[in-house]
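Residue numbers (our numbering), protein chains in the order written: chain A, 0 to 249; chain B, 30 to 330; chain C, 5 to 196.
Rather than coming from a laboratory, the hints here were simulated on the basis of the structure.
Any given hint could be a false lead.
Here are the simulated EDC-like cross-link-like pairs (lysine to aspartate or glutamate), alpha carbons at most 20 angstroms apart as the crow flies [said to hold, decoys possible]:
#	chain 1	residue 1	chain 2	residue 2
1	A	K172	A	E197
2	A	K184	A	D204
3	A	K172	A	D204
4	B	K127	C	E189
5	B	K263	B	D135
6	B	K131	C	D160
Stretch by stretch, here's where chain B covers chain C in the computed footprint (C-beta under 8 angstroms, at least three residues) [said to hold, decoys possible]:
#	stretch
7	24 to 31
8	51 to 61
9	124 to 133
Since we're looking at a predicted model, the values are computed, not measured.
A virtual CB, placed ideally from N, CA and C, is assigned to each residue, including glycine.
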Amino acid sequence: MGLEIENVSKSYGSNLVLDAVDLDVQPGEFVALLGPSGSGKTTLLRIIAGLQFAEGGRLVMEGEDITGLEARLRRFGMVFQSYALFEHMSVADNTAFGLKMRPRGSRPSRSGIGERVKTLLDMAEIGHLAERYPSQLSGGQRQRVALARALAIEPRLLLLDEPFSALDTKIRKGLRSALRDLQRKVGISAILVTHDQEEAFEIADRIAVMSEGRIEQFGTAEELLRTPASPFVAEFLEGMANYENQGAGI
Amino acid sequence: MSTSISHASRQRSSARRVIPGFGLTLGVTLLFVCLIILLPLSALFFQLGQLGFADYWRIISSDRTLAAFRVTISAALMATVFNACFGLLLAWVIVRYKFPGKRLLDALIDLPFALPTAVAGIALVALYDRNGWMGMLLAEMNIKVAYTWWGIAIAMTFTSVPFGVRTVQPVMESLKLDIEEAAQTLGARDIQVFRHIIFPQLWPSFIMGASLAFARSLGEFGAVIFIAGNMPYKTEIASLLIMIRLDEYDFPAASAIAGTLLLLALVVLVLANIATGRAGRHLSREAKGWQLQPCILRCAP
Amino acid sequence: MGGDAVPFPGRRALVTIIELPFSISPIVAGLCYLLVYGSTGLVGGFLDQWNIQLMFNLTGIVLVSLFVTCPFVARELIPLMEISGRDQEEAALTLGANGWQTFFYVTLPNIRWALLYGAILANARVIGEFGAVSVVSGNIRGETMTLPLQVQLLYDDYNVAGAFAAATILAVIAVITLILRAVIESRHPNVH
Numbered sequence: 000m001g002l003e004i005e006n007v008s009k010s011y012g013s014n015l016v017l018d019a020v021d022l023d024v025q026p027g028e029f030v031a032l033l034g035p036s037g038s039g040k041t042t043l044l045r046i047i048a049g050l051q052f053a054e055g056g057r058l059v060m061e062g063e064d065i066t067g068l069e070a071r072l073r074r075f076g077m078v079f080q081s082y083a084l085f086e087h088m089s090v091a092d093n094t095a096f097g098l099k100m101r102p103r104g105s106r107p108s109r110s111g112i113g114e115r116v117k118t119l120l121d122m123a124e125i126g127h128l129a130e131r132y133p134s135q136l137s138g139g140q141r142q143r144v145a146l147a148r149a150l151a152i153e154p155r156l157l158l159l160d161e162p163f164s165a166l167d168t169k170i171r172k173g174l175r176s177a178l179r180d181l182q183r184k185v186g187i188s189a190i191l192v193t194h195d196q197e198e199a200f201e202i203a204d205r206i207a208v209m210s211e212g213r214i215e216q217f218g219t220a221e222e223l224l225r226t227p228a229s230p231f232v233a234e235f236l237e238g239m240a241n242y243e244n245q246g247a248g249i
Numbered sequence: 030m031s032t033s034i035s036h037a038s039r040q041r042s043s044a045r046r047v048i049p050g051f052g053l054t055l056g057v058t059l060l061f062v063c064l065i066i067l068l069p070l071s072a073l074f075f076q077l078g079q080l081g082f083a084d085y086w087r088i089i090s091s092d093r094t095l096a097a098f099r100v101t102i103s104a105a106l107m108a109t110v111f112n113a114c115f116g117l118l119l120a121w122v123i124v125r126y127k128f129p130g131k132r133l134l135d136a137l138i139d140l141p142f143a144l145p146t147a148v149a150g151i152a153l154v155a156l157y158d159r160n161g162w163m164g165m166l167l168a169e170m171n172i173k174v175a176y177t178w179w180g181i182a183i184a185m186t187f188t189s190v191p192f193g194v195r196t197v198q199p200v201m202e203s204l205k206l207d208i209e210e211a212a213q214t215l216g217a218r219d220i221q222v223f224r225h226i227i228f229p230q231l232w233p234s235f236i237m238g239a240s241l242a243f244a245r246s247l248g249e250f251g252a253v254i255f256i257a258g259n260m261p262y263k264t265e266i267a268s269l270l271i272m273i274r275l276d277e278y279d280f281p282a283a284s285a286i287a288g289t290l291l292l293l294a295l296v297v298l299v300l301a302n303i304a305t306g307r308a309g310r311h312l313s314r315e316a317k318g319w320q321l322q323p324c325i326l327r328c329a330p
Numbered sequence: 005m006g007g008d009a010v011p012f013p014g015r016r017a018l019v020t021i022i023e024l025p026f027s028i029s030p031i032v033a034g035l036c037y038l039l040v041y042g043s044t045g046l047v048g049g050f051l052d053q054w055n056i057q058l059m060f061n062l063t064g065i066v067l068v069s070l071f072v073t074c075p076f077v078a079r080e081l082i083p084l085m086e087i088s089g090r091d092q093e094e095a096a097l098t099l100g101a102n103g104w105q106t107f108f109y110v111t112l113p114n115i116r117w118a119l120l121y122g123a124i125l126a127n128a129r130v131i132g133e134f135g136a137v138s139v140v141s142g143n144i145r146g147e148t149m150t151l152p153l154q155v156q157l158l159y160d161d162y163n164v165a166g167a168f169a170a171a172t173i174l175a176v177i178a179v180i181t182l183i184l185r186a187v188i189e190s191r192h193p194n195v196h
């Protein structure tokens with residue numbers, strides 16, 4: 000089950016950005032879309048989120064065809080590259096947003112929302128920042144808010160668009176393992192878009208290496224290194240060979 | 030689950046707009062634009078069409094109309110040249126230097142826009158009249174401003190000052206200092222830096238500001254009529270002549286003059302758009318950000 | 005509305021048309037309105053059959069004021085919405101908000117100061133509008149006499165003191181507008 004992507008294509012004018020892409024994500028699995036800029040990985044993520052629509056192909060989530068479903072009905076939590084925090088709302092209000100937007104029937108009570116927000120913020124280790132506004136936060140804190148906000152809607156899938164690119168190297172490493180732990184604890188599938196090989200290798204169970212709108216290879220870090228499917232994969236992952244030897248993969 | 034539905038929706042899925050409400054908001058916008066802007070404007074051209082070319086020409090080529098246009102256009106040109114140059118200078122001072130009272134000066138530039146034109150008009154008369162401060166001063170030098178062509182030019186200049194400044198200012202703010210520094214390290218003198226580095230980047234906004242100032246001056250009414258003296262053939266502007274024809278219920282004549290005035294302003298603006306499009310075609314996206322929005326200006330008439 | 009969020013063909017044309025009233029002489033604008041909504045006009049003639057008169061009364065002044073000020077708010081909002089982009093709206097959608105919710109909880113709060121600012125400028129302009137209003141008002145004393153028209157009337161009657169008194173009120177309103185502008189600008193630097 001999980002998410003199945005079948006034969007998805009997308010072009011901007013005459014420019015083909017996704018060329019018959021297939022991908023499957025198992026429940027609880029962490030998948031990375033890895034590739035240089037312009038390889039189509041962000042477009043694929045936005046199509047999965049429902050923020051863009053493919054010209055051909057199908058998206059199936061837990062057996063349900065969601066190809067034409069609106070973004071708001073998909074219940075996929077997304078962390079944007081810019082984080083896209085609501086600047087006029089406090090951290091707590093940002094986190095509560097998705098729950099407050101639910102129709103009255105399925106909306107938790109006011110106190111229910113409050114408790115859930117508190118749990119999430121504590122889990123993301125930013126419980127003490129609940130009343131702050133986004134402009135008063137550091138980059139790392141903003142990312143945690145974006146993550147807590149996405150998790151608040153109890154998403155069926157977590158989508159991460161280069162969530163570390165705006166942070167400096169030092170904080171990045173700490174946040175990576177925090178993200179991985181959080182995803183395991185919640186137990187949902189996640190898709191991470193990144194151009195950083197090390198990041199993909201450290202976080203993901205399986206990695207899809209993308210180039211020019213196609214998935215060159217999809218497999219575990221070990222598979223990619225042992226048996227690269229194309230010269231592109233071998234070249235793109237050059238330098239990562241030692242990485243596995245150091246045993247830093249997990 | 031909903032396979033059949035989503036199959037149907039997939040047909041149009043790639044053309045779908047993600048942010049909802051497009052149809053509704055665009056529909057309301059277009060209705061508003063049609064009723065408030067386009068319908069009245071097309072009525073003017075409808076009226077002109079009924080008039081026929083011979084009658085139109087008779088009205089436009091009459092001595093009094095020609096004189097009014099001559100006065101209006103020449104005074105507007107005067108105001109435009111002054112404001113284009115003065116605006117560049119003022120924008121430069123505000124963007125590049127820090128000095129006490131800078132914020133006040135910045136705010137004052139908008140005064141001609143915020144001040145009702147009638148108020149500007151009687152204030153200018155009070156100043157330049159025989160008994161006013163400036164008027165007395167100039168009278169000693171035997172210069173008469175109030176109730177002459179010069180009065181009209183000054184009133185037009187006053188009301189269009191912000192255009193010259195506010196179009197150039199944002200572009201000037203966005204200029205990167207390191208380009209100028211690079212030019213200096215390559216041996217350019219200050220005047221060369223301005224001539225070869227700064228001005229080419231400002232040029233499109235400079236043209237745009239000048240043409241907006243010109244369009245505004247052509248149509249200015251409130252500020253001008255107080256100081257103009259309104260003597261037919263001498264100090265009568267085109268807008269006033271429209272007003273006079275209207276009072277005589279001579280709608281065809283009023284429409285003919287108004288249509289010509291409108292066309293003149295539009296032609297200038299279109300030409301400026303084309304010129305700035307050419308001049309700016311190689312500029313960075315940032316430098317011509319304002320230009321993608323041709324008339325979205327910082328100023329507020 | 006919709007200036008930034010959704011690119012569509014004809015967008016540039018629409019933006020330019022909304023800007024048109026800035027470059028049109030107020031007298032010409034007033035005349036255009038007389039031609040459409042006056043009793044001999046296209047729409048006015050039709051309404052005249054039911055004795056509905058739009059010109060030479062308050063309705064006429066309101067209509068022509070709409071024309072003169074229609075670019076103000078749009079012009080404040082379009083650059084702001086271009087800068088802030090569509091990320092926050094998209095985030096709201098992925099969190100399950102529908103179109104109205106996205107607008108009321110995300111878009112509107114982000115643009116509220118620019119909206120207020122545009123409204124203040126439009127208000128000041130309407131109060132001070134002279135040319136367009138003098139064409140469509142009919143100058144009926146006590147009924148359709150606006151403050152700027154009163155200034156001219158008093159001045160033409162050689163009542164200079166009265167004219168200056170009325171003008172002072174208008175000048176004060178203008179200065180208050182500029183002060184409000186400075187206040188909003190210093191508190192919310194994103195708004196111009």
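With a cut-off of 8 angstroms between beta carbons, are at least three residues of the stretch 51 to 61 of chain C near chain B? Violated - the stretch 51 to 61 of chain C has 0 residues with a Cβ nearer than 8 angstroms to chain B, which falls short of three.
For the stretch 124 to 133 of chain C, do three or more residues have a beta carbon lying closer than 8 angstroms to a beta carbon of chain B? Since three or more residues must qualify, the claim that chain B covers the stretch 124 to 133 of chain C holds, with 6 doing so at under 8 angstroms.
Is it true that the CA of K131/B sits at most 20 angstroms from the CA of D160/C? At roughly 39 angstroms apart (the allowed maximum being 20 angstroms), D160/C and K131/B break the hint.
20 angstroms Cα cutoff - pair K172/A, E197/A: 10 angstroms, holds
Is the Cα-Cα distance between K127/B and E189/C 20 angstroms or less? With Cα atoms ~19 angstroms apart, K127/B and E189/C stay inside 20 angstroms; holds.
20 angstroms limit on alpha-carbon distance, applied to hinted pair K184/A and D204/A: Distance ~15 angstroms between K184/A and D204/A Cα, so the pair holds.
Need the status of pair K172/A, D204/A: alpha-carbon distance at most 20 angstroms? 17 angstroms, holds
Within 8 angstroms of chain B (C-beta), three or more residues of the stretch 24 to 31 of chain C: holds (count 8)
20 angstroms Cα cutoff - pair K263/B, D135/B: Measuring from Cα to Cα gives roughly 36 angstroms; hence the hint is violated.
Hints 5, 6, 8 from the list above are not met by this structure, while the remaining hints are.
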